[in-house]
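Numbering of the sequence shown is given in my numbering, commencing with residue 47 and proceeding in unit increments.
In case anyone wonders, no lab produced these hints; they're calculated from the structure. Glycine is no exception: its CB is placed at the ideal position from the N, C-alpha and C atoms. Accuracy of the hints is not assured; some may be wrong.
[Said to hold, decoys possible] Think about it this way: if two alpha-carbon atoms lie no more than 20 Å apart in a straight line, the pair counts; the simulated SDA-like pairs of lysine to any residue are: (1) Lys-99 x Ser-73; (2) Lys-82 x Leu-95; (3) Lys-82 x Leu-144; (4) Lys-139 x Val-70; (5) Lys-99 x Ala-69; (6) Lys-82 x Val-110; (7) Lys-82 x Gln-71; (8) Lys-99 x Arg-76; (9) Lys-82 x Leu-94; (10) Lys-99 x Arg-83; (11) Lys-139 x Leu-95; (12) Lys-82 x Arg-93; (13) Lys-99 x Asn-74.
[Claimed, not checked] Using C-beta positions, here's what the derived DEER-type ranges look like: (14) Arg-83 x Glu-136: 30 to 36 Å; (15) Leu-94 x Asp-131: 38 to 44 Å; (16) Arg-93 x Arg-123: 36 to 42 Å; (17) Met-109 x Arg-83: 16 to 22 Å; (18) His-119 x Arg-83: 36 to 42 Å.
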Amino acid sequence: MEKKDKEEVPPNRRRQTPNYFVAVQISNHRIHENVKRVQRHIVQDRRLLDCMKETSTLHITLMVINISNEDTHERARRALNNVYDEYNEEMCKDPLQLEFSGLGRFGDRGSSYFLLSYGS
47 MEKKDKEEVP PNRRRQTPNY FVAVQISNHR IHENVKRVQR HIVQDRRLLD CMKETSTLHI
107 TLMVINISNE DTHERARRAL NNVYDEYNEE MCKDPLQLEF SGLGRFGDRG SSYFLLSYGS
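Generate the whole structure from the sequences, applying the supplied hints.
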């Protein structure tokens, strides 16, 4: 049986590396304190000390996207503005509340990323 050659993926269907992300800033002081506890444990290995960021930069990434040109940038900007216009008032009245418990790990490219697991 003849082995088929890999089909060439058209340029518009190739996986593009994300270069922007949409995120929600975390400002809750309890979360900051708990993250600092985890960071203090991690930096017991002094080589990791320079890798730590201030908790003021904490965020939850909602999505990652690739914006490769001005047209895509403008479409993304309009879409985010539309979401803001539609949901901001509602979210201010009834803020999203998330509860986390535990640590997990994901990633398969030689890097480890830690996440807080959703508490039920």
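Okay, the hints, checked on the actual structure:
Straight-line distance between C-alpha atoms of Lys-99 and Ser-73 comes to about 15 Å, which keeps the hinted pair within the 20 Å bound. The straight-line distance between the Cα atoms of Lys-82 and Leu-95 is roughly 12 Å, inside the 20 Å bound, and the hint therefore holds. With a CA separation close to 19 Å, the supplied pair Lys-82 and Leu-144 stays within the 20 Å bound. Simply put, Lys-139 and Val-70 have alpha-carbon atoms about 17 Å apart, close enough for the 20 Å limit, and the pair holds.
This hinted pair checks out: Lys-99 and Ala-69 have alpha carbons roughly 16 Å apart, not beyond 20 Å. For the suggested pair Lys-82 and Val-110, the alpha carbons sit about 25 Å apart, so the restraint of at most 20 Å is broken. About 16 Å separates the Cα atoms of Lys-82 and Gln-71, which keeps this hinted pair within 20 Å; it holds. Distance check on the hinted pair: Lys-99 and Arg-76 sit about 17 Å apart at the alpha-carbon level, within 20 Å; holds.
This hinted pair checks out: Lys-82 and Leu-94 have alpha carbons roughly 14 Å apart, not beyond 20 Å. A distance of roughly 13 Å separates the Cα atoms of Lys-99 and Arg-83; the hinted pair therefore holds under the 20 Å criterion. Of the supplied pair hints, the one linking Lys-139 and Leu-95 is violated, its CA atoms being roughly 39 Å apart against a limit of 20 Å. Restraint check for Lys-82 and Arg-93: satisfied, since their Cα atoms lie roughly 17 Å apart, inside the 20 Å limit.
As the CA atoms of Lys-99 and Asn-74 are separated by approximately 16 Å, the hinted pair is consistent with the 20 Å bound. Taken as a hint, the range 30 to 36 Å holds for the pair Arg-83 and Glu-136, whose Cβ atoms sit roughly 33 Å apart. Roughly 41 Å separates the CB atoms of Leu-94 and Asp-131, a value that falls within the hinted 38 to 44 Å. Take Arg-93 and Arg-123: their Cβ atoms lie about 40 Å apart, and the range 36 to 42 Å holds.
For the hinted restraint 16 to 22 Å between Met-109 and Arg-83, the CB-CB distance of approximately 28 Å leaves it violated. Hint check: His-119 to Arg-83, Cβ distance near 39 Å, so the stated range 36 to 42 Å holds.
Against the hints set out earlier in the document, violations occur for numbers 6, 11 and 17.
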